[in-house]
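Chain by chain, the residues run as shown.
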Amino acid sequence: MSDVSSKSSDSSESSESQEAQSAPNPTANSDQRTPAEWLTFSIASCLLIALISAVIAAWIDPRHQQPPLIETEQDGAVWESSGQFYVPFTVMNTGGGTAESVQIIGELEINGEVVESGEQQIDFLSGGEAEEGAFIFSQDPQQGTLTLRAASYKLP
Amino acid sequence: MRKRRRRHQWVNELDNLVRGACGGFLFGIPLLYTMEVWWIGSFVEPIWMLGAIAISFVVIFLINRTAGFRKSSGIRFEDAAMETIEAIAIGILCTLLMLILLQEITPQVPLDEVLGKVIFEGIPFTLGVALANQFLSGGESDQPDQSDKQAADSAKKSTRPQNTDELNGTLSDVGGTLLGAAIVAFSIAPTDEVPMIASAVSGPWLLAFIAASLLISYAVVFEAGFANQSKRREQQGLFQKPLGETLMSYLVSLMAATVMLLFFRQLSLSDPWQLWLTFTLVLGLPATIGGAAGRLAV
Numbered sequence: 034m035s036d037v038s039s040k041s042s043d044s045s046e047s048s049e050s051q052e053a054q055s056a057p058n059p060t061a062n063s064d065q066r067t068p069a070e071w072l073t074f075s076i077a078s079c080l081l082i083a084l085i086s087a088v089i090a091a092w093i094d095p096r097h098q099q100p101p102l103i104e105t106e107q108d109g110a111v112w113e114s115s116g117q118f119y120v121p122f123t124v125m126n127t128g129g130g131t132a133e134s135v136q137i138i139g140e141l142e143i144n145g146e147v148v149e150s151g152e153q154q155i156d157f158l159s160g161g162e163a164e165e166g167a168f169i170f171s172q173d174p175q176q177g178t179l180t181l182r183a184a185s186y187k188l189p
Numbered sequence: 007m008r009k010r011r012r013r014h015q016w017v018n019e020l021d022n023l024v025r026g027a028c029g030g031f032l033f034g035i036p037l038l039y040t041m042e043v044w045w046i047g048s049f050v051e052p053i054w055m056l057g058a059i060a061i062s063f064v065v066i067f068l069i070n071r072t073a074g075f076r077k078s079s080g081i082r083f084e085d086a087a088m089e090t091i092e093a094i095a096i097g098i099l100c101t102l103l104m105l106i107l108l109q110e111i112t113p114q115v116p117l118d119e120v121l122g123k124v125i126f127e128g129i130p131f132t133l134g135v136a137l138a139n140q141f142l143s144g145g146e147s148d149q150p151d152q153s154d155k156q157a158a159d160s161a162k163k164s165t166r167p168q169n170t171d172e173l174n175g176t177l178s179d180v181g182g183t184l185l186g187a188a189i190v191a192f193s194i195a196p197t198d199e200v201p202m203i204a205s206a207v208s209g210p211w212l213l214a215f216i217a218a219s220l221l222i223s224y225a226v227v228f229e230a231g232f233a234n235q236s237k238r239r240e241q242q243g244l245f246q247k248p249l250g251e252t253l254m255s256y257l258v259s260l261m262a263a264t265v266m267l268l269f270f271r272q273l274s275l276s277d278p279w280q281l282w283l284t285f286t287l288v289l290g291l292p293a294t295i296g297g298a299a300g301r302l303a304v
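Quick mapping for you: the protein sequence lines, in order, are chains A and B. Position one of the first sequence corresponds to residue 34 (this note's numbering), numbered consecutively onward. Position one of the second sequence corresponds to residue 7 (this note's numbering), numbered consecutively onward.
Just so you know, these hints were derived from the structure itself, not from any lab. There are no misleading hints in this set.
Here's a subset of chain B near chain A, in silico, CB distances under 8 angstroms, partners left out:
hint, residue
1, Ile94
2, Ile98
3, Leu121
If you're wondering where the values come from, they're calculated on a predicted model, not measured in any experiment. Every residue gets a Cβ at the ideal spot worked out from N, C-alpha and C, and that includes glycine.
Start from the sequences and build out the full structure, keeping to the hints where you can.
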């Protein structure tokens, strides 16, 4: 489709090539925007207004002022594969602000003694965001008590 | 006549937009493959996002006074201001699509994180949009290079397929693609982003990677109207047809990407073939975009 424009620039002298490009303008007047350009501009303006409104909406959202609240829970049943026990978990930030380096700890207690523990770190957890993962134990978690908790985070 | 003019007007505007988007891809793709920018988007405060939009508006406006993505752009105050809004919109839209492709934006990601990522990735992209006309020794509209014209003329004259011409044309295509692919993708190949993105994409997303690579590559070389586009269309060689050339350069870029990944030990012979495929396609996207720019530069 740009064949046409390349031909026009080929045939014109270098000083006139600028003119040749704007020639398709209906009024042959470079001051005038074509309907096509107006359409682009209106869509672009709408997009930018939508973007800025969304940012302002996120800004004044009262949830945003709250500190991060990290909740960790087991997500689904434990499954076993080649002698290993997989405990799926979900960690969710139910607060407002973003938490960085969220540390999740899973501890397996059997007969009142911590026999195994696992650690996982989530880089960033925004307000309302959830991440999933799994802890892997070599002993059956159903034989004892399993604790999943968030141990720490830092503010970005 | 009038109808043709009107049609031409829309085609012209579409070309302008494609050129802007291509400039953005050339400039913005390395930062789209930078996880630190995704993270900035994850934690940045909304007030900073507004500040970033305001600052970039001023910068893009100043660039638009001299460059811009339209061939026939006026440099009046209001023209530059309107083009700035359009450039930011192109940048934001393309960035959003790319971040969805890279799986950095999914339905699970909360709105403020989406906004942060799109804005902070979109701003460098928008710079590329505004600089689109300055890329690759200017557009063909300003001062067609004498040597370019001669090359195009001589290419036109030799309509009979000559083996040496074909070979030279093909070799220079491959060379340009490799050069451009190396410039853009070599700095991405050793980074952790490749395995990170690869771990997030699968099945249909890989097909989308292929489609996006081919589409952007085709647009950069044959639609954006960067320098040498008419020469490209005259180029002799085994793959002189636009579609054939795009496909061929994609394959060359993929090979280059694989070699780079091997060079940096991101891939080893013991890895499964699925990993080779995913890594190559993920790095293939920036490599193809670089390769497209490389063919225009050679």
